[in-house]
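**Q** Taken in sequence, the protein lines are chains A and B. Numbering of the first sequence is given in this note's numbering, commencing with residue 1 and proceeding in unit increments. Numbering of the second sequence is given in this note's numbering, commencing with residue 114 and proceeding in unit increments.
Think of the hints as simulated: they come from the structure by calculation, not from any bench. Warning: the hint list may mix true and false statements.
[What the hints assert, rightly or not] Computed footprint of chain B on chain A; a stretch qualifies when at least three of its residues, placed anywhere within it, have a C-beta under 8 Å from a C-beta of chain B:
id: 1; region: 42-56
id: 2; region: 100-113
[To be verified] Taking lysine-lysine pairs in the DSS-like style, the calculated list, with each CA pair at most 30 Å apart, reads:
id: 3; chain 1: A; residue 1: Lys13; chain 2: A; residue 2: Lys26
id: 4; chain 1: A; residue 1: Lys26; chain 2: B; residue 2: Lys171
id: 5; chain 1: B; residue 1: Lys171; chain 2: B; residue 2: Lys182
id: 6; chain 1: B; residue 1: Lys190; chain 2: B; residue 2: Lys135
id: 7; chain 1: A; residue 1: Lys26; chain 2: B; residue 2: Lys190
id: 8; chain 1: A; residue 1: Lys26; chain 2: B; residue 2: Lys162
id: 9; chain 1: B; residue 1: Lys135; chain 2: B; residue 2: Lys162
id: 10; chain 1: B; residue 1: Lys171; chain 2: B; residue 2: Lys135
id: 11; chain 1: B; residue 1: Lys162; chain 2: B; residue 2: Lys190
[Stated by the list, open to error] Pair ranges (Cβ atoms, derived):
id: 12; chain 1: B; residue 1: Asn143; chain 2: A; residue 2: Glu53; range: 20 to 28 Å
id: 13; chain 1: B; residue 1: Asp167; chain 2: A; residue 2: Gly16; range: 49 to 57 Å
id: 14; chain 1: B; residue 1: Asn181; chain 2: A; residue 2: Ile12; range: 43 to 51 Å
The beta carbon of each residue, even a glycine, is placed where N, CA and C say it ideally should be.
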Amino acid sequence: DAGVTQSPTHLIKTRGQQVTLRCSPKSGHDTVSWYQQALGQGPQFIFQYYEEEERQRGNFPDRFSGHQFPNYSSELNVNALLLGDSALYLCASSLNYLRDTQYFGPGTRLTVL
Amino acid sequence: AQSVAQPEDQVNVAEGNPLTVKCTYSVSGNPYLFWYVQYPNRGLQFLLKYITGDNLVKGSYGFEAEFNKSQTSFHLKKPSALVSDSALYFCAVIDYGQNFVFGPGTRLSVLP
Numbered sequence: 001d002a003g004v005t006q007s008p009t010h011l012i013k014t015r016g017q018q019v020t021l022r023c024s025p026k027s028g029h030d031t032v033s034w035y036q037q038a039l040g041q042g043p044q045f046i047f048q049y050y051e052e053e054e055r056q057r058g059n060f061p062d063r064f065s066g067h068q069f070p071n072y073s074s075e076l077n078v079n080a081l082l083l084g085d086s087a088l089y090l091c092a093s094s095l096n097y098l099r100d101t102q103y104f105g106p107g108t109r110l111t112v113l
Numbered sequence: 114a115q116s117v118a119q120p121e122d123q124v125n126v127a128e129g130n131p132l133t134v135k136c137t138y139s140v141s142g143n144p145y146l147f148w149y150v151q152y153p154n155r156g157l158q159f160l161l162k163y164i165t166g167d168n169l170v171k172g173s174y175g176f177e178a179e180f181n182k183s184q185t186s187f188h189l190k191k192p193s194a195l196v197s198d199s200a201l202y203f204c205a206v207i208d209y210g211q212n213f214v215f216g217p218g219t220r221l222s223v224l225p
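Make the full structure from the sequences, and use the hints.
**A** Take a look at the structure:
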């Protein structure tokens, strides 16, 4: 049973660039959530997708956007990168968006120079 | 607003001794509480959750957690610590928006 997968593992970008991160949910899951984890901190919720729509959004600017595909996989896009966007980006999947356990992928380490 | 506190940045325990990692929460209504563990350069691994029922919840790798409504706590425990338990531990609560609110994390070091 495949778990949550994310790509790429690591990414280095420069300020002002745009980045796309990808996530495939655990088999059987239909909801994908994205989190940003800065060094030494707990994960912060970015947004959640269910049925190809953004259902919830955390306190992140609209430079952060996403998409969910019919096969439930998801992308996180960040435009106009800032140095402060450097973090581990975690994807989590669950069976539905109603208070279910979320299972996390290994994350994508984004470094903005 | 829902919030989670983990009052200890670091917990040190000798191998074989019992361990406790503390968590307190603030929510409106009935809490859904979780513990996750994170190893270096890895994602979060689910350990256990409390939704309803018995206050003592058993999870993966011999961990358990005790829900205490009056003290609004959900402390993680293990009777006998292993060196391999050394990691970063996160407590989380689901808020009204159905999303996870994580605590700041507690680093557990088990000394041989």
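**Q** For each hint, tell me whether it holds in the structure or not.
**A** Checked hints:
1. A stretch counts as covered by a chain when three or more of its residues have a beta carbon under 8 Å from one of that chain; for the region 42-56 of chain A and chain B the count is 7, and the coverage holds.
2. With 8 residues bearing a CB less than 8 Å from a CB of chain B, the region 100-113 of chain A meets the requirement of three and the coverage assertion stands.
3. Between Lys13(A) and Lys26(A) the CA atoms are separated by roughly 28 Å; this keeps the pair inside 30 Å, and the hint holds.
4. Our distance criterion of 30 Å between C-alpha atoms is met by Lys26(A) and Lys171(B), whose separation comes to about 23 Å.
5. Between Lys171(B) and Lys182(B), the direct Cα distance comes to roughly 17 Å. Compliance with the 30 Å bound is thereby established for this hinted pair.
6. Restraint check for Lys190(B) and Lys135(B): satisfied, since their Cα atoms lie roughly 9 Å apart, inside the 30 Å limit.
7. Between Lys26(A) and Lys190(B), the direct Cα distance comes to roughly 28 Å. Compliance with the 30 Å bound is thereby established for this hinted pair.
8. Proposed proximity of Lys26(A) and Lys162(B) is supported: the alpha carbons are some 19 Å apart, at most 30 Å.
9. For the proposed pair Lys135(B) and Lys162(B), the alpha carbon gap of about 15 Å is at most 30 Å, so the pair holds.
10. In summary, the hint linking Lys171(B) to Lys135(B) is supported, as the alpha carbons are separated by about 16 Å, within the 30 Å threshold.
11. Between the alpha carbons of Lys162(B) and Lys190(B) the distance comes to roughly 13 Å, so the proposed pair stays at or under 30 Å and holds.
12. Checked against the hint of 20 to 28 Å, the C-beta distance between Asn143(B) and Glu53(A) comes to roughly 27 Å, which is consistent with it.
13. A beta carbon spacing of about 53 Å between Asp167(B) and Gly16(A) agrees with the range 49 to 57 Å that was offered as a hint.
14. For the hinted restraint 43 to 51 Å between Asn181(B) and Ile12(A), the CB-CB distance of approximately 45 Å keeps it satisfied.
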